[in-house]
Amino acid sequence: MNPVIQLLKHITYGIATLPRIVLGTGRLTDDQMRKTVLSGAVKYPDTVDVDACIGCGVCAMVCPMKCITMKPLEEKVKLRENQYKDKYPEINPAQCIFCFQCHDNCPVYKVHHRSSAIHPRGIRKTGITAEGLFRRMDEKIKKQGGGGGNG
Numbered sequence: 002m003n004p005v006i007q008l009l010k011h012i013t014y015g016i017a018t019l020p021r022i023v024l025g026t027g028r029l030t031d032d033q034m035r036k037t038v039l040s041g042a043v044k045y046p047d048t049v050d051v052d053a054c055i056g057c058g059v060c061a062m063v064c065p066m067k068c069i070t071m072k073p074l075e076e077k078v079k080l081r082e083n084q085y086k087d088k089y090p091e092i093n094p095a096q097c098i099f100c101f102q103c104h105d106n107c108p109v110y111k112v113h114h115r116s117s118a119i120h121p122r123g124i125r126k127t128g129i130t131a132e133g134l135f136r137r138m139d140e141k142i143k144k145q146g147g148g149g150g151n152g
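Take the sequence shown: its position 94, counting from 1, is numbered 95 in this note's numbering, and each next residue is one higher.
If you're looking for bench data, these hints aren't it; they were derived computationally from the structure.
Since we're looking at a predicted model, the values are computed, not measured.
Glycine included, each C-beta is placed from N, C-alpha and C at the ideal position.
Watch out, some of these pointers could steer you wrong.
Said to hold, decoys possible - Okay, derived cross-link-like pairs now, DSS-like style, lysine-lysine, Cα gap no bigger than 30 Å in a straight line:
1) K141 / K79
2) K86 / K143
3) K79 / K143
4) K77 / K144
5) K144 / K111
6) K44 / K86
7) K67 / K77
8) K86 / K67
9) K67 / K44
10) K126 / K72
11) K88 / K143
12) K44 / K111
13) K86 / K126
14) K88 / K126
15) K79 / K126
16) K126 / K141
17) K79 / K144
18) K86 / K72
Claimed, not checked - DEER-style ranges, computed between Cβ atoms:
19) D31 / R122: 21 to 31 Å
20) K67 / R21: 29 to 39 Å
21) Q145 / I98: 33 to 43 Å
22) C100 / T127: 20 to 30 Å
The whole structure should be built from the sequences, with the hints applied where relevant.
This is how it looks when you write it as structure tokens:
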């Protein structure tokens, strides 16, 4: 198709949809939803399962947009002897490009083979806790005869 004609079609379509975009005409959302959106009360889905997160910060390190920051927990969580979780990730949804690097590199997903503790489109609560993950991992190591020796 001729690029000029294609451009004119896009401009015409854009102008034709302006009333729908600006005035909200022809939309299928109900009044309550419209009021919620206009009031700014729309809530993003939970993107981090703080209970399942081990607080390692890998997600923040691999994020290409740097939209994940590690926030301090009010109280440290003991994962195992001399190992504590003291922070959790928070995603800035306005900056996120949904590349899923945070999800794909999360140790809860990659190492422990559980649902990732972070997901930019919304997590699924599973009841998993970081303490439980470490407890199961320690039990598995003991069962297999591992213990951290060098021989």
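Right, here's what the structure says about each hint:
1. Annotation: proposed proximity of K141 to K79 holds, straight-line Cα distance about 19 Å (limit 30 Å).
2. Restraint check: the Cα-Cα separation between K86 and K143 comes to about 23 Å, which is no more than 30 Å; the hinted pair holds.
3. Between K79 and K143, the direct Cα distance comes to roughly 19 Å. Compliance with the 30 Å bound is thereby established for this hinted pair.
4. For a cut-off of 30 Å, the pair hint linking K77 to K144 stands: about 28 Å separates their Cα positions.
5. Our distance criterion of 30 Å between C-alpha atoms is met by K144 and K111, whose separation comes to about 22 Å.
6. Of the supplied pair hints, the one linking K44 and K86 holds, its CA atoms being roughly 27 Å apart against a limit of 30 Å.
7. Distance check on the hinted pair: K67 and K77 sit about 25 Å apart at the alpha-carbon level, within 30 Å; holds.
8. For the suggested pair K86 and K67, the alpha carbons sit about 21 Å apart, so the restraint of at most 30 Å is met.
9. In summary, the hint linking K67 to K44 is supported, as the alpha carbons are separated by about 22 Å, within the 30 Å threshold.
10. Note on K126 and K72: the hinted pairing holds, with a Cα-Cα distance of about 20 Å set against a maximum of 30 Å.
11. At roughly 28 Å between alpha-carbon atoms, K88 and K143 fall within 30 Å of each other, so this suggested pair holds.
12. Distance check on the hinted pair: K44 and K111 sit about 29 Å apart at the alpha-carbon level, within 30 Å; holds.
13. Restraint check for K86 and K126: the C-alpha separation of about 19 Å stays at or below 30 Å, so the hint holds.
14. Restraint check for K88 and K126: the C-alpha separation of about 19 Å stays at or below 30 Å, so the hint holds.
15. Our distance criterion of 30 Å between C-alpha atoms is met by K79 and K126, whose separation comes to about 21 Å.
16. Using a Cα cut-off of 30 Å, the hinted pair K126 and K141 holds, with the two alpha carbons roughly 24 Å apart.
17. A hinted pair counts as satisfied when its Cα atoms are at most 30 Å apart, and K79 with K144 qualifies at roughly 22 Å.
18. Distance restraint check for K86 and K72: the Cα-Cα separation of roughly 11 Å lies within the 30 Å cut-off, and the hinted pair is therefore satisfied.
19. Range check, D31 to R122: about 24 Å between beta-carbon atoms, so the 21 to 31 Å window is met.
20. Restraint check, K67 to R21: a C-beta distance of roughly 35 Å satisfies the suggested window 29 to 39 Å.
21. Judged by the Cβ atoms, the range 33 to 43 Å given for Q145 and I98 holds: they are separated by roughly 40 Å.
22. Judged by the Cβ atoms, the range 20 to 30 Å given for C100 and T127 holds: they are separated by roughly 23 Å.
Checked against the numbered hints above, the structure breaks none of them.
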